[in-house]
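Taken in sequence, the protein lines are chains U and V.
If you read the first sequence in the numbering used here, its first letter stands for residue 1, the second for the next number, and so on.
If you read the second sequence in the numbering used here, its first letter stands for residue 1, the second for the next number, and so on.
Hints are computed from structural coordinates only; laboratory data are not their basis.
For each residue, glycine too, the CB sits at the ideal point set by N, CA and C.
Hints should not be assumed to be uniformly reliable.
[Said to hold, decoys possible] Some chain V residues flagged as far from chain U (calculated, every beta-carbon gap over 10 Å):
1. V100
2. G109
3. I216
4. P241
5. S264
[What the hints assert, rightly or not] Covered stretches of chain U (chain V as the covering partner; in silico rule of three or more C-beta atoms under 8 Å from a C-beta of chain V):
6. 16 to 26
7. 93 to 100
8. 129 to 136
9. 215 to 222
10. 240 to 246
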Amino acid sequence: MKILVGYKRVVDYNVRIQVKPDGTGVVTDGVKLSANPFDDIALEEALRLREKGVAEEVVVVGIGPADLTAHLRNGLAMGANRAIHVVTTDAVQPLTAARVFQKLIEKEQPGLVILGKQAIDDDANQTGQMLAALWDRPQATFASKVEIADGKVTVTREVDAGLEVIEAELPAVITTDLRLNEPRFIKLPDIMKAKSKPIDSIEFGSLGVEANDHLKTTHYAAPAKRSKGVMVKDAAELVAALKQKGLL
Amino acid sequence: MSKILVIAEHLNGKLNSSTARAVSAAAAIKPDAIDVLVLADNADAIAADAAKIDGVSRVLTIARAENAHPLAAVLAPQIAKASAGYSHVFAPSTTFGKDVLPRVAALLGVAQVSDVMSVEGSHTFKRPIYAGNAIITVEADAGSTVVATIRTASWAAAATGANNAPVETLSVDVTLPTHTRFVELQSGKSDRPDLQSASKVVSGGRGVGSKENFEIIYKFADKIGAAVGASRAAVDAGYVPSDLQVGQTGKIIAPELYMAIGISGAIQHLTGIKDAGTIVAINKDGEAPIFEIADIGLVGDLFKILPELEQALG
Ligand SMILES: Cc1cc2nc3c(=O)[nH]c(=O)nc-3n(C[C@H](O)[C@H](O)[C@H](O)COP(=O)(O)OP(=O)(O)OC[C@H]3O[C@@H](n4cnc5c(N)ncnc54)[C@H](O)[C@@H]3O)c2cc1C
Ligand SMILES: Cc1cc2nc3c(=O)[nH]c(=O)nc-3n(C[C@H](O)[C@H](O)[C@H](O)COP(=O)(O)OP(=O)(O)OC[C@H]3O[C@@H](n4cnc5c(N)ncnc54)[C@H](O)[C@@H]3O)c2cc1C
Numbered sequence: 001m002k003i004l005v006g007y008k009r010v011v012d013y014n015v016r017i018q019v020k021p022d023g024t025g026v027v028t029d030g031v032k033l034s035a036n037p038f039d040d041i042a043l044e045e046a047l048r049l050r051e052k053g054v055a056e057e058v059v060v061v062g063i064g065p066a067d068l069t070a071h072l073r074n075g076l077a078m079g080a081n082r083a084i085h086v087v088t089t090d091a092v093q094p095l096t097a098a099r100v101f102q103k104l105i106e107k108e109q110p111g112l113v114i115l116g117k118q119a120i121d122d123d124a125n126q127t128g129q130m131l132a133a134l135w136d137r138p139q140a141t142f143a144s145k146v147e148i149a150d151g152k153v154t155v156t157r158e159v160d161a162g163l164e165v166i167e168a169e170l171p172a173v174i175t176t177d178l179r180l181n182e183p184r185f186i187k188l189p190d191i192m193k194a195k196s197k198p199i200d201s202i203e204f205g206s207l208g209v210e211a212n213d214h215l216k217t218t219h220y221a222a223p224a225k226r227s228k229g230v231m232v233k234d235a236a237e238l239v240a241a242l243k244q245k246g247l248l
Numbered sequence: 001m002s003k004i005l006v007i008a009e010h011l012n013g014k015l016n017s018s019t020a021r022a023v024s025a026a027a028a029i030k031p032d033a034i035d036v037l038v039l040a041d042n043a044d045a046i047a048a049d050a051a052k053i054d055g056v057s058r059v060l061t062i063a064r065a066e067n068a069h070p071l072a073a074v075l076a077p078q079i080a081k082a083s084a085g086y087s088h089v090f091a092p093s094t095t096f097g098k099d100v101l102p103r104v105a106a107l108l109g110v111a112q113v114s115d116v117m118s119v120e121g122s123h124t125f126k127r128p129i130y131a132g133n134a135i136i137t138v139e140a141d142a143g144s145t146v147v148a149t150i151r152t153a154s155w156a157a158a159a160t161g162a163n164n165a166p167v168e169t170l171s172v173d174v175t176l177p178t179h180t181r182f183v184e185l186q187s188g189k190s191d192r193p194d195l196q197s198a199s200k201v202v203s204g205g206r207g208v209g210s211k212e213n214f215e216i217i218y219k220f221a222d223k224i225g226a227a228v229g230a231s232r233a234a235v236d237a238g239y240v241p242s243d244l245q246v247g248q249t250g251k252i253i254a255p256e257l258y259m260a261i262g263i264s265g266a267i268q269h270l271t272g273i274k275d276a277g278t279i280v281a282i283n284k285d286g287e288a289p290i291f292e293i294a295d296i297g298l299v300g301d302l303f304k305i306l307p308e309l310e311q312a313l314g
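Chain U with its partners taken away, still in its complex shape (with noise of 0.2 Å):
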């Protein structure tokens, strides 16, 4: 079986987001990049698969400018056998992203594609979702847990009510959540290594994938501020605040 996972190069999370001051968009000059941490997720879990036999081959697929390849090695320094580039330089919006992925699943022909539940820049936690729907199989989202068996994936689900077991054939969409695993970190051989690993670099245009830009972002803005608040000295003043505020 082959997995394609989605690995998708973000603005750090450790980056504190400004907002431009003319409200145009995000400042993204010079600041960490680094893989959407349920990307890293993702990748783990198609290697774990891949070490216990279940999965032949790993492969990695990005969407954005031509400088993703850097960041393309890095998952394959990971572990990933390949990587997939569709260069493009524009903002690629979820249902886009989706329309991507069906293309590569048409040539690819993978058993499983695994991605993050969201990329922490947009945080939209639609890609996923839309990908199953367009290719009519199965989704597992908010995976913590994966099983496969017989031609059929477990997964465990963390939903607001707790955890959900699903069932599904093959092939699937699963999506990650934080604690399905964690992910290995790389070391420098691998980096040696994988500089000798494919990366197939794909021309957007190419694809036939008509662009959604049906969502137009007209303005950024900073969140509204918490005004500072106040300091007590012990419990005995902390129950009286909250008595005054009509808290407690």
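Go by the hints and put chain V with the ligands onto chain U.
Leaving out everything else, chain V with the ligands in the frame of chain U:
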């Protein structure tokens, strides 16, 4: 002319309050009609609850055995069919809505607006990105159905009681997939208030130190009638189950009182509590970032302070 279809969320035959929050967001558009769609195996009791929500014009039910559990692959084609004639389809941005609605959007070939915080016009909305560190204004295409999930923490639940909307059964002609099956739901049954809708929440973090120690959090929460939450670190360390996680990748909540105990205040945690009325922080480190956003801060050892608080409460 706007006509809005709101997808009802329910569990164990009961309507979830997130539905009434999504109705509030729908009402903000001042539409001609708000219809609530209930997909269930047995929809009657849920539909009766939904019919009482202010502003609801009609409740539509699709009762089929396949709808016993909320499987996105099964629900989405029915919702996509039912959405014909509606200008907007809304669902709460809970794990239910997040799972099913993008699948509906893709079937309709339209984009989805995730986590609507405010309505600026029939096709213009505000939503958070980067864990709430930026708020964008997005305009949806006027010629397509608007599919959107509603950030429940931003909307008060529409009032219930005064309304008595008609309930109608709907039959949609779609073949449903059988490739996905529900196995079980493991939920930590608890008599405590529900984290997502509670007016008071007491959360513990890594500072609590162990599963056993977490009893002190439960005990205090029970004393003041609060729901219990946790940071990711506390969940990862196994102190509490995952459905108690508050934050960017957990639950986004807006209680009147939020008490963060032994929680440092990482940006991903703060995302989940930005709309809380009053935030109280108890932490032994006076430099912890949680104090930058807390309305009331108390520096000290939680194991000393919590018993003192209980005593002060009598
Ligand atoms: C002003 C603006 C500028 C933008 N500029 C760019 C840009 O220069 N380049 C760009 O690529 N996008 C750009 N985007 C698009 C944006 O960053 C997201 O790629 C897009 O909106 C998808 O949303 P999401 O990633 O939050 O989706 P989600 O549904 O949250 O993503 C879930 C998962 O889908 C997969 N996935 C989604 N997108 C990709 C991808 N591109 N590559 C690999 N896997 C993916 C990942 O596994 C991810 O974890 C821009 C958006 C805006 C609003
Ligand atoms: C992609 C991503 C998503 C994430 N999503 C979330 C999320 O949804 N929710 C979330 O919470 N986190 C999330 N995180 C994790 C987040 O970055 C932090 O690691 C986490 O919130 C830290 O939890 P904590 O405050 O309990 O632990 P710590 O940061 O370790 O803080 C513990 C605090 O307890 C205090 N303390 C210790 N002992 C005592 C005592 N006896 N009395 C009083 N105080 C004491 C310490 O001073 C310290 O401030 C996410 C991270 C990533 C990368």
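Hint by hint, here is what the structure shows:
1. Residue placement check: V100 of chain V does not keep its beta carbon more than 10 Å from all beta carbons of chain U (closest about 8 Å).
2. A beta-carbon of chain U is positioned within 10 Å of the beta-carbon of G109 of chain V; the least distance is around 8 Å.
3. Chain U leaves I216 of chain V outside its interface by the beta-carbon criterion, the shortest separation being 14 Å against a cut-off of 10 Å.
4. With a minimum CB-CB distance of about 7 Å to chain U, P241 of chain V fails to clear the 10 Å threshold, and the non-interface call is violated.
5. No beta-carbon of chain U comes within 10 Å of the beta-carbon of S264 of chain V; the shortest separation is about 14 Å.
6. Only residues whose beta carbon comes within less than 8 Å of a beta carbon in chain V count, and the region 16 to 26 of chain U has 4; three or more means the coverage holds.
7. Closer than 8 Å: that is the beta-carbon criterion, and the region 93 to 100 of chain U has 4 residues meeting it against chain V, so the requirement of 3 holds.
8. Only residues whose beta carbon comes within less than 8 Å of a beta carbon in chain V count, and the region 129 to 136 of chain U has 7; three or more means the coverage holds.
9. Note: the region 215 to 222 of chain U has 8 residues with beta-carbon separation from chain V under 8 Å; the three-residue rule is met and the coverage holds.
10. A count of 3 residues in the region 240 to 246 of chain U with a Cβ less than 8 Å from any Cβ of chain V is obtained; the coverage claim is therefore met, three being the minimum.
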